[in-house]
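Undergrad: Here is how the chains run, residue by residue.
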Amino acid sequence: MPNIPPQFGIFLFIVAAAVLPLVFASGYQTFQLTMVVIYALSVLGKNLVTGFGGQVSLGQGAFYAVGAYTAAVLMDQWDVPYWATLPIAAITSGLVGLMLGLPALRLGGLYLALVTFALAISVPQLLKYKAFEGWTGGVQGIVVSKPDAPFNLPISSDSWIYLFSLAVGVVFFLAITNLVNSRIGRALKAIRDQPLAAEAMGVELARYKTLTFGVGAMVTGIGGALSAIAVGFVSPDSFTIALSLTLFVGMVVGGASSISGAIYGALFIQFIPNIAEEISKAIPGVVYGVILIAVMFFAPGGLAGVIANQLRRLRAARVVGTGRAPS
Amino acid sequence: MVAAPMAGALMRVDGVEMRFGGIVALAGVSFDVGHREICGLIGPNGSGKTTMFNCISGFYRYTVGDISFEGTSLKGLPRHRMIELGIGRTFQNVALFRSMTVRDNMLVGYHFRGHTGFLANALRLPATRREEAEAGRRADELIDLLELRDQANLPVGGLPFGWQKRVELGRALIAGPRILLLDEPAAGLNHGEVDELGELIKRLRAHFDLSILLVEHHMSLVMRVSDRVVALEFGRKIADGTPDQVQRDPEVIRAYLGDGDEAPHG
Numbered sequence: 001m002p003n004i005p006p007q008f009g010i011f012l013f014i015v016a017a018a019v020l021p022l023v024f025a026s027g028y029q030t031f032q033l034t035m036v037v038i039y040a041l042s043v044l045g046k047n048l049v050t051g052f053g054g055q056v057s058l059g060q061g062a063f064y065a066v067g068a069y070t071a072a073v074l075m076d077q078w079d080v081p082y083w084a085t086l087p088i089a090a091i092t093s094g095l096v097g098l099m100l101g102l103p104a105l106r107l108g109g110l111y112l113a114l115v116t117f118a119l120a121i122s123v124p125q126l127l128k129y130k131a132f133e134g135w136t137g138g139v140q141g142i143v144v145s146k147p148d149a150p151f152n153l154p155i156s157s158d159s160w161i162y163l164f165s166l167a168v169g170v171v172f173f174l175a176i177t178n179l180v181n182s183r184i185g186r187a188l189k190a191i192r193d194q195p196l197a198a199e200a201m202g203v204e205l206a207r208y209k210t211l212t213f214g215v216g217a218m219v220t221g222i223g224g225a226l227s228a229i230a231v232g233f234v235s236p237d238s239f240t241i242a243l244s245l246t247l248f249v250g251m252v253v254g255g256a257s258s259i260s261g262a263i264y265g266a267l268f269i270q271f272i273p274n275i276a277e278e279i280s281k282a283i284p285g286v287v288y289g290v291i292l293i294a295v296m297f298f299a300p301g302g303l304a305g306v307i308a309n310q311l312r313r314l315r316a317a318r319v320v321g322t323g324r325a326p327s
Numbered sequence: 001m002v003a004a005p006m007a008g009a010l011m012r013v014d015g016v017e018m019r020f021g022g023i024v025a026l027a028g029v030s031f032d033v034g035h036r037e038i039c040g041l042i043g044p045n046g047s048g049k050t051t052m053f054n055c056i057s058g059f060y061r062y063t064v065g066d067i068s069f070e071g072t073s074l075k076g077l078p079r080h081r082m083i084e085l086g087i088g089r090t091f092q093n094v095a096l097f098r099s100m101t102v103r104d105n106m107l108v109g110y111h112f113r114g115h116t117g118f119l120a121n122a123l124r125l126p127a128t129r130r131e132e133a134e135a136g137r138r139a140d141e142l143i144d145l146l147e148l149r150d151q152a153n154l155p156v157g158g159l160p161f162g163w164q165k166r167v168e169l170g171r172a173l174i175a176g177p178r179i180l181l182l183d184e185p186a187a188g189l190n191h192g193e194v195d196e197l198g199e200l201i202k203r204l205r206a207h208f209d210l211s212i213l214l215v216e217h218h219m220s221l222v223m224r225v226s227d228r229v230v231a232l233e234f235g236r237k238i239a240d241g242t243p244d245q246v247q248r249d250p251e252v253i254r255a256y257l258g259d260g261d262e263a264p265h266g
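Quick note, the sequences are listed as chains A and B, same order. With this note's numbering, the residue at position 92 of the first sequence is 92, and numbering never jumps. With this note's numbering, the residue at position 94 of the second sequence is 94, and numbering never jumps.
Heads up, none of these hints are tricks.
Sample of chain B residues at the chain A side, in silico, Cβ under 7 Å:
1. 80
2. 83
3. 89
4. 95
5. 98
6. 100
7. 109
8. 118
9. 122
Worth flagging that the hints you see were computed from the coordinates, not collected in a lab. Glycine included, each C-beta is placed from N, C-alpha and C at the ideal position.
Generate the whole structure from the sequences, applying the supplied hints.
TA: And the structure:
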C-alpha cells in the first residue's frame, strides 16, 4: 500500500460522518449525532482557552447559552433565517468572552476558575430576569421551528440539521487546527508553559490571553447557536452550571490540549450518561461516575493521547506486515 | 581603576537604585556595555547581580537611575518590547516551553517578527505561510549551528540539561539580538561543559556580531571570556575593568576572600 497522507484519513472520516448517519441512523440517533457535533465544537472552544491557553474556565456553558439565546431570539423576534444567526451569535458570545478575558488577565488559576464559575451560575437567572422577558421568554424560554432541508433535498429536517452542523463543525475544527499550529498557537502554548519567557520572546500576554478567551467563547457560542437550531427550544434551565461542568468533563476526558480530544469528549458526554442509565435506572449517576473514574485511570492524559498511541501502533504494525509480505 | 566609558556604548546603566522594602539591593550602579563587548557581571551571593539583570530585562521596576540601549531609555518599557529593540536573554535554570519541540521553542523566539493575527492564521492566508517559511529557515540555521538537528522535533522537556541550555540560546539568538543577556549560563554544567560554553560564547559573539552581558558565579569562565568585568558587592560597584585588573583589585579580593587576617591561605 502506498503512503497515505493523514489528510486523506481526515477527509474519509468527514465523508463517512456525513453519509453513514443519513443511511443508517434513525431520526433520534441523527439528533444525538448532531448534539455530538455541537458538544465537540463547544468543547473545542474550551480546549483552546484551557488546554492550549492554560486558563481555567468553569463557565464555558455561559458562552454556549449566549450563543443559543442569540440564535433563538433572532429567529423568534426578527425572523432571521437560522443560518444567518450563526455569525451574529459568534459575535455576541465572542464579545462576552472578550469582556471576561479582561479579568482573566489579572486573575490566575483558581481565582479565574471562580470568576467563570460565578458567570455560569448567574446566566440562568439573568435569562429569567423580568427586564429581559420580552426577548428571552423568561422561564418559558423560546420555541423556534426546526428548519427543513433546502432545495427540496429528499432528507429529513433532522438529517439536514445534522449535515449543516457537521459542515459548520468541520470548518471550525480546521480553522482551530490551523490556529493551534501557527505562530499564534505557539505563542499560546508558550504562555501556558512559561509566561515570563514568552514575554521575553515578545509575546504580549494581555493581548493573547484576552483574544483567546474571546475566540474560545465564540467557538463555544456557535455550538450553542447550533443547539438552539437543533433542539428547537431554549430555556434557562438548559444552561445551568451543570452544562459548564459537562463541557469541563468533555474537555478532560478527551484531552485538554488536543483538537481531536474535543470529539472524543463530546462522544463521551453525549452517550455515556445514556449508557449509564441503561446499566442502572436507579443509580445512573453512580455508574457515570465509575465510568468517568475508569477512563481517567486508563487514559490519564485524556482519550486523545491513548487513541493516537493505538493508531501509531497500528500503522507501525502495518508497515512491518507489508514489509514481509508485499501484496 | 574604571575604564573610561566607550564613546557610544551599546547599553548604559546609569545610577540604578533598587529597593525592596527597606533593603537596598542596588545602590546607584553605573556601567556601560560596548558594541561587540563581552561584559562579565560578578559578585558574591546577594551582591545584586541578579537584581541588576532583572532591572535590565524589565522584570524589576527600578525607581532611581536609568538604563538605556542605543540611546533609548528602557525605563518602564513593557517586557515584550525588549526583544524588538535587540535585547535577548536566557534564564537562570532554563525557562523553556517544555511541552513544545526544540524547533517550536526557537520559532517562539521569532514570534515578534510576525504580524499575522488570529484570523489570518486560522485561515492560513498566504501572508502566514510566508512568515512561517521565513521563521522556519531561521530556526533551521540555528538548529544546524547549535548541532541540534537530531533533536529538532523532540519535546524539549525530555532533553538533557546541557542541550536545553543550547536550545534556550537558540531561542534567544533567532531574534537577531544586538545584546544577549545570559543569566548564570554555567549553573548546573560540569567542568567540560563549562569549557565548551566559554568557547561557544566567544563563537556566538563572532558569528552574530553582538554584545554579551554575562551574569555568572563561575569565576574562571567569566575571566576567560570577558573583555571587561564589573564586580558588585552589597549593591555597589567595587570594580570595573579588564579581567586582569579586576582579579588584582584589592576590593574584589577582599569581597571574595574576606579581610586579610581571616583570608584562607591561597
